[in-house]
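We have chain A; now place chain B onto it with these hints.
These are the residues of each chain, in order.
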Amino acid sequence: MEDLDIVVQSFDIPRIVSVYPDQAGIRWWTKAWFNNRKDGEASVEISRQSALLFIMDRIDKDEWLEEHFPKQMEVYHNAIQQTREQLLQQQVNI
Amino acid sequence: MIETEMTDREQFDSRIVPVMDRVRQELQSRQAAEVRRYMRSPAYILSGISGPDGGMASQAIAIDSLKVTGEWNSKTVEDYVEMVKAELIKEGISVTPEQEEMMIDKMARDNMPKSSIEYILRKAAGNTIFGLPEEARKTPLQREVEERAEALYGPTKAEKGIGWGLGAAADFATLGGLSGGIAGGLKFVGADLAINAVVDSVDSKRKEVPSVVLPGHEEEWLEMNQANEGPIVEETEPKVSQIEAKGEEVSPHVNKQEGPAGVSQNPTEEPKKEENVSIKIKQTPAEQQTKSNTGGWQGILSGLGLNGISDIGRNAGYILAMLPDMLLGMFTGKTQSLGLKNNLVPIASIMAGLFVKNPLLKMTLIGLGGANLLNRAGHEQLAKQEGIQQPQSQVCYRRYEEQDIDPRIKDAEIKGKTLIATIDGIPVTVTLPDKVMDAYSTGALPLGTLANAVLQRCDQMQQVSTARDRFEEESRTEGRALTQK
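Just so you know, the protein sequences line up as chains A and B, in that order.
All residue numbers for the first sequence refer to our numbering, where the first residue is 1 and numbers rise by one.
All residue numbers for the second sequence refer to our numbering, where the first residue is 1 and numbers rise by one.
With the rest of the complex left out, here is chain A (with noise of 0.2 Å):
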């Protein structure tokens, strides 16, 4: 068992979520990009205090997410779902 020869695939979304301020370093927003997509998803703006808060990493990358960007979070658990099922389908057939 020490040896266990096995490979790893991961079968995620891969997500980018990002925080910004304007030039003034007053309003702070976010921004997330699913699946690589080039154009992100549109920025929601957030508090100064929050974005302090995420650089810091005082707050999980998918909690922030599912709060600011909740249906393209709701859409992201569905693929992922629907991708294991058919995993699991082909599986069973193989």
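Worth flagging that the hints you see were computed from the coordinates, not collected in a lab.
Owing to the predicted nature of the structure, the values given are computational and were not obtained by experimental measurement.
Cβ atoms here follow ideal geometry from the backbone N, Cα and C, with glycine treated the same way.
Hints are supplied without guarantee of correctness; some may be wrong.
What the hints assert, rightly or not - Listed below are several chain B residues computed to face chain A (Cβ distance under 8 Å; list not exhaustive):
| hint | residue |
| --- | --- |
| 1 | 408 |
| 2 | 453 |
| 3 | 458 |
Said to hold, decoys possible - From the derived model, a few chain B residues whose C-beta atoms are all more than 10 Å from chain A:
| hint | residue |
| --- | --- |
| 4 | 27 |
| 5 | 313 |
| 6 | 329 |
Just chain B now, with coordinates in the frame of chain A:
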């Protein structure tokens, strides 16, 4: 998933169907040209000289031989599918298993009888001795297409009966049976109809049994299949597809790339190329075997209950030596495959052979019935012999204790050789070695223990970071205004 199906269907309708039609037309015109060429050849013309029937039979045989030796006339349905695929590749289309299934469906629809008359004539033609060479030449895919076409048409019992009756009447007339009088003719047609009806009812049940099931164990398989409705039926699908997702391996950079706070990346950076998902069909050795020229005989042999008769031929010495044991086993119940319930057709065939006066028919009926019984009993005997040898080669695995699954792993499930789970929030598939799967299936290795071992291995793999990952780590130390995860 729905999007993919839509795309497959759209691509099939708009691009594949025209290619299929074009290739079929080309193939048909080439076959016609080849027949025309052959009919003008000296070999064909000379074959018409010989024979008491004015060369009719020898010319028919010559045309039949063209269907085996001709460049275009020997093309099977499988070859046609390959030709379509080759054309599609030229156009930059790679056929997915779903589209291949659609192709077979289309062929079945094209092949569907359009009227009762057409169905009856086809059934009658396939049911005579004249249809025998054609039946023997049919490939598994062609049979599949024809079966689907018949299922799509949904013939009534009357249509089936008339088809069989016409076929039997044609056979009777051809075999010179009219000298036996009308009563003899009715007997012949009646017996043929009865045999067809019995075979059809048995066959409809047997159709679901895949050829990999050891002959003589079909009933056992059907019972098991009924007990586990669903999954096992899908296991029997002849075509097996596998997704090979060139996904990222779970490695430190999966998390780090999407990174902890304080990391700055250019949000306008070009996204990584989408993961390529390629789907390919894996052929089992059995399928590859059916591609050979002898493949066509398999259908007729299995139709006569002689599936795998070559095993008996190879082990003839052993089977003959065990024959007394098998016959004795019939009365003691030891030879299970020779029960009356499972052997109605071969026993009926032998019984019919005993009462038939025509020596040719007598020999055929008794011979085929006997060969069927010998085949079944022989396979049972061979299976018993293998069963004795099997435990000796069985591997004993060390038994591991059941462990609670680590909370980092969620939704762990094993199907086939793959563990599908979410590790640290990342959905992954883990392909496991055969030995591990064997140990798991024997119950020596519980799921919890296995999943924890996989997690441990994943952690070890993550610790081995590459120079690239180290570079990423270093770059993260630079403070930037924009933060990205």
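So, going through the hints one by one against the coordinates:
1. 408: Constraint on residue 408 of chain B not satisfied, violated at 14 Å.
2. 453: Status holds, d = 5 Å.
3. 458: Holds: closest Cβ of chain A sits about 6 Å from residue 458 of chain B, inside 8 Å.
4. 27: The claim holds: residue 27 of chain B sits with its nearest Cβ about 31 Å from chain A, beyond 10 Å.
5. 313: Non-interface label stands for residue 313 of chain B: nearest chain A Cβ at 33 Å, farther than 10 Å.
6. 329: Given a closest Cβ separation of 38 Å, the condition holds.
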